[in-house]
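There are 4 protein chains.
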Amino acid sequence: MNEKRERTKQQILAAAIDVFHENGFQRTRISDIVAKAGVAQGTFYLHFQSKEQIFHHICSEFKVLFLSLLDDAADLFTGASIEAIREKLFVFIRELITLFTANYKMARLLFVEGNSNGGQFNGVYENIYAEFIERIGKHLLNGKNRGYLAFEDAETAATFLIGLFDSSLFYFMRVKNHFNIDKLSRRMTDFMLNGLSR
Amino acid sequence: MNEKRERTKQQILAAAIDVFHENGFQRTRISDIVAKAGVAQGTFYLHFQSKEQIFHHICSEFKVLFLSLLDDAADLFTGASIEAIREKLFVFIRELITLFTANYKMARLLFVEGNSNGGQFNGVYENIYAEFIERIGKHLLNGKNRGYLAFEDAETAATFLIGLFDSSLFYFMRVKNHFNIDKLSRRMTDFMLNGLSR
Amino acid sequence: MNEKRERTKQQILAAAIDVFHENGFQRTRISDIVAKAGVAQGTFYLHFQSKEQIFHHICSEFKVLFLSLLDDAADLFTGASIEAIREKLFVFIRELITLFTANYKMARLLFVEGNSNGGQFNGVYENIYAEFIERIGKHLLNGKNRGYLAFEDAETAATFLIGLFDSSLFYFMRVKNHFNIDKLSRRMTDFMLNGLSR
Amino acid sequence: MNEKRERTKQQILAAAIDVFHENGFQRTRISDIVAKAGVAQGTFYLHFQSKEQIFHHICSEFKVLFLSLLDDAADLFTGASIEAIREKLFVFIRELITLFTANYKMARLLFVEGNSNGGQFNGVYENIYAEFIERIGKHLLNGKNRGYLAFEDAETAATFLIGLFDSSLFYFMRVKNHFNIDKLSRRMTDFMLNGLSR
DNA sequence: TATGAATGAGTTTTCATTCAT
DNA sequence: AATGAATGAAAACTCATTCAT
Numbered sequence: 002m003n004e005k006r007e008r009t010k011q012q013i014l015a016a017a018i019d020v021f022h023e024n025g026f027q028r029t030r031i032s033d034i035v036a037k038a039g040v041a042q043g044t045f046y047l048h049f050q051s052k053e054q055i056f057h058h059i060c061s062e063f064k065v066l067f068l069s070l071l072d073d074a075a076d077l078f079t080g081a082s083i084e085a086i087r088e089k090l091f092v093f094i095r096e097l098i099t100l101f102t103a104n105y106k107m108a109r110l111l112f113v114e115g116n117s118n119g120g121q122f123n124g125v126y127e128n129i130y131a132e133f134i135e136r137i138g139k140h141l142l143n144g145k146n147r148g149y150l151a152f153e154d155a156e157t158a159a160t161f162l163i164g165l166f167d168s169s170l171f172y173f174m175r176v177k178n179h180f181n182i183d184k185l186s187r188r189m190t191d192f193m194l195n196g197l198s199r
Numbered sequence: 002m003n004e005k006r007e008r009t010k011q012q013i014l015a016a017a018i019d020v021f022h023e024n025g026f027q028r029t030r031i032s033d034i035v036a037k038a039g040v041a042q043g044t045f046y047l048h049f050q051s052k053e054q055i056f057h058h059i060c061s062e063f064k065v066l067f068l069s070l071l072d073d074a075a076d077l078f079t080g081a082s083i084e085a086i087r088e089k090l091f092v093f094i095r096e097l098i099t100l101f102t103a104n105y106k107m108a109r110l111l112f113v114e115g116n117s118n119g120g121q122f123n124g125v126y127e128n129i130y131a132e133f134i135e136r137i138g139k140h141l142l143n144g145k146n147r148g149y150l151a152f153e154d155a156e157t158a159a160t161f162l163i164g165l166f167d168s169s170l171f172y173f174m175r176v177k178n179h180f181n182i183d184k185l186s187r188r189m190t191d192f193m194l195n196g197l198s199r
Numbered sequence: 002m003n004e005k006r007e008r009t010k011q012q013i014l015a016a017a018i019d020v021f022h023e024n025g026f027q028r029t030r031i032s033d034i035v036a037k038a039g040v041a042q043g044t045f046y047l048h049f050q051s052k053e054q055i056f057h058h059i060c061s062e063f064k065v066l067f068l069s070l071l072d073d074a075a076d077l078f079t080g081a082s083i084e085a086i087r088e089k090l091f092v093f094i095r096e097l098i099t100l101f102t103a104n105y106k107m108a109r110l111l112f113v114e115g116n117s118n119g120g121q122f123n124g125v126y127e128n129i130y131a132e133f134i135e136r137i138g139k140h141l142l143n144g145k146n147r148g149y150l151a152f153e154d155a156e157t158a159a160t161f162l163i164g165l166f167d168s169s170l171f172y173f174m175r176v177k178n179h180f181n182i183d184k185l186s187r188r189m190t191d192f193m194l195n196g197l198s199r
Numbered sequence: 002m003n004e005k006r007e008r009t010k011q012q013i014l015a016a017a018i019d020v021f022h023e024n025g026f027q028r029t030r031i032s033d034i035v036a037k038a039g040v041a042q043g044t045f046y047l048h049f050q051s052k053e054q055i056f057h058h059i060c061s062e063f064k065v066l067f068l069s070l071l072d073d074a075a076d077l078f079t080g081a082s083i084e085a086i087r088e089k090l091f092v093f094i095r096e097l098i099t100l101f102t103a104n105y106k107m108a109r110l111l112f113v114e115g116n117s118n119g120g121q122f123n124g125v126y127e128n129i130y131a132e133f134i135e136r137i138g139k140h141l142l143n144g145k146n147r148g149y150l151a152f153e154d155a156e157t158a159a160t161f162l163i164g165l166f167d168s169s170l171f172y173f174m175r176v177k178n179h180f181n182i183d184k185l186s187r188r189m190t191d192f193m194l195n196g197l198s199r
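Protein chains in written order, with this note's numbering: chain E, 2 to 199; chain C, 2 to 199; chain W, 2 to 199; chain U, 2 to 199.
Just so you know, not all the hints are guaranteed correct.
What the hints assert, rightly or not - Below, in silico cross-link-like pairs of lysine-lysine (DSBU-like), each with a Cα-Cα straight-line distance of 30 angstroms or less:
1) U:Lys64 to W:Lys106
2) E:Lys177 to C:Lys145
3) U:Lys89 to U:Lys145
4) W:Lys177 to U:Lys145
5) E:Lys37 to E:Lys177
6) E:Lys145 to C:Lys184
7) C:Lys64 to C:Lys177
8) C:Lys37 to U:Lys10
9) W:Lys37 to W:Lys64
10) U:Lys177 to U:Lys64
11) W:Lys184 to U:Lys139
12) U:Lys64 to U:Lys184
13) W:Lys52 to U:Lys52
14) W:Lys64 to U:Lys177
15) W:Lys177 to U:Lys139
16) U:Lys106 to U:Lys64
17) E:Lys52 to C:Lys64
18) W:Lys64 to W:Lys177
19) E:Lys64 to C:Lys106
20) W:Lys145 to U:Lys177
21) E:Lys37 to E:Lys64
22) E:Lys89 to C:Lys145
23) C:Lys139 to E:Lys177
24) C:Lys52 to E:Lys52
25) W:Lys177 to U:Lys64
Hints in this document: simulated from the structure, not taken from any laboratory.
Hey, can you work out the whole structure from these sequences and the hints?
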């Protein structure tokens, strides 16, 4: 019984991600979600309180995945040599890209849809973006202190890296059906490390 | 007479930019716009055909400003020396940032709001973004051919530059009340050129 | 087994009386009733056919108690002396008030909730009210024929007595936490008999 | 223009009184009101905020009429003789009955519908009922002090009078198509004054 | 040209009732 | 007999757009 309930909830979630991605938050109707999920209108409200709430739920789900990846990157820009650092950064970026591509729709909901819409979901977005920048900024300082990196201001540098990462990644995911993750990760890594060298 | 009409239209446009920026496209009501503009509900439709149309109008207005700047940058990455290129790039970026900050709300409507919302305005956005990438990509090839720049794929490199530019610029405009345009332009220029060096 | 079933039904009934009284018929949800009764949603429909039906059931339950009291009052206003009549009336009124206070919520559902709500339950209410007036009217005629009472029209007089009784009793039950039943019965009796004297 | 707006509002109000009276508050739909008023659904919301609000509005309208009648009765039970008092009371009751019959539907909404519905509108009802009782109670004390009336407790006596008045009046208005206002007023007056004599 | 009252289609949400377990 | 998940019809309310003045 409980298992079936959970299955229904997952159906609704999956359908919601799809139609939110397709039509945007505002333009998707609950009726779109339930139609795609194959359940009745009222069933939606057994599992979620409102359209807003399910959107938050989806964003939070991706946020957890994303932040756990950030946690694993604690010693980014800390290594025995610039080549060791390059390798670590490459692995990290590849993991990030893999996460984003595997959850493209969710990622886009949080990072793009969440960023617009006149403040309605800016809380979630700004919160996670600030976290992203702060952590990368800290790691960058490590690299600078060890003499591997050169930049004037950590926040600015972090913003450059992250901006480059998210904006171009979403571009590729949007316009290319498939792209070589390894190659893109490598190019990003090189561009970033070059950008932060003297 | 005609002058008064024009003034009314400008009032509506200015109000629309404000409330679109504040509440997002979907959540702004025509009644919000006309209230802020100080005109009657019906007056809106004497000047614009629909909510969609005024949004497009605003985006187009910024698009014109933006593309004319791009036109001026025809010989970007073409110069007598790397330092000459650096200076040209710096000037170009500073002009871009100046344009974006002077028209922050319009810029954000086009680049952020236009990017989300499930395809409703993706036409405008994707169109201008593609143009941006294509032109920068061409300029980059010039720079590569002359031996000033090193990268494997022009589209990828252009995407990096533009992603870095727009994503981080919007971040600064959103979270900082004021920031030093010169300094930011300089740092971006350096980061970009370093990123594109061997 | 059958005993347990009956207990469940009583739980639902008790809960229904409470929440109907608290929120009114329309505003109580079946989910409120079952929540208070501590049973599942579906269980309600094993015992009652609908929300209307349980409301009717409750009203009928009180109606039975009420009419049996009326039956006992067959020889009201029939007595050896005005003082004997006064005593009989006093006892009758006291019994009525006792019944109403002991079943305040049910009484209010029938007499107040049943009187409003645009005809939905007016059948039950009007039926019992008409019965009330008719019987009291008949008793009053007895009293008049024997020369104990004076009034022009029995229906009018009965309406006065009953109106006075029900309206003021509900007022006291609503605004006073406790009140002296004996005293109120005595005052009502005196007021009524005085009102019906020359 | 403004006049037409007002006319529309009055149409909606009249329709609302009708359908509230016919179906009760909960069971009337906005669509019923606007259908009867001959306007569109949205027009309702140009004039009233919600179903609750228009109900309050209607009750308040009657409340004003009612309280102004109460104001005029300041010297009730104050007179040169019991017969003078009887005449004053008769006039007052006749005015009240006239007001109630002329505005039967509104009166019933406030005094009956407002009394039930599980507390949703009890505020309005209880407020006006308490006012009624308090004022009549004060007048009664005057009559008692001058030796014209006899009763133990003014609140109880007032409650009797008012209960008799409202409950029986609504009964007559409900079951009789027409009734003689003068005759009913006279009978009520006599019953009340007799009821309050030794 | 400007006004603002009116329109009515469209969407969310609620909740009595059903039914598989 | 009891459960509680699922249903879907019904209703309030919003708001872009129209149109008479």
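| field | Hint check against the structure, violated hint numbers in rising order | value | Of the numbered hints given earlier, the structure breaks just one, which is hint 17.
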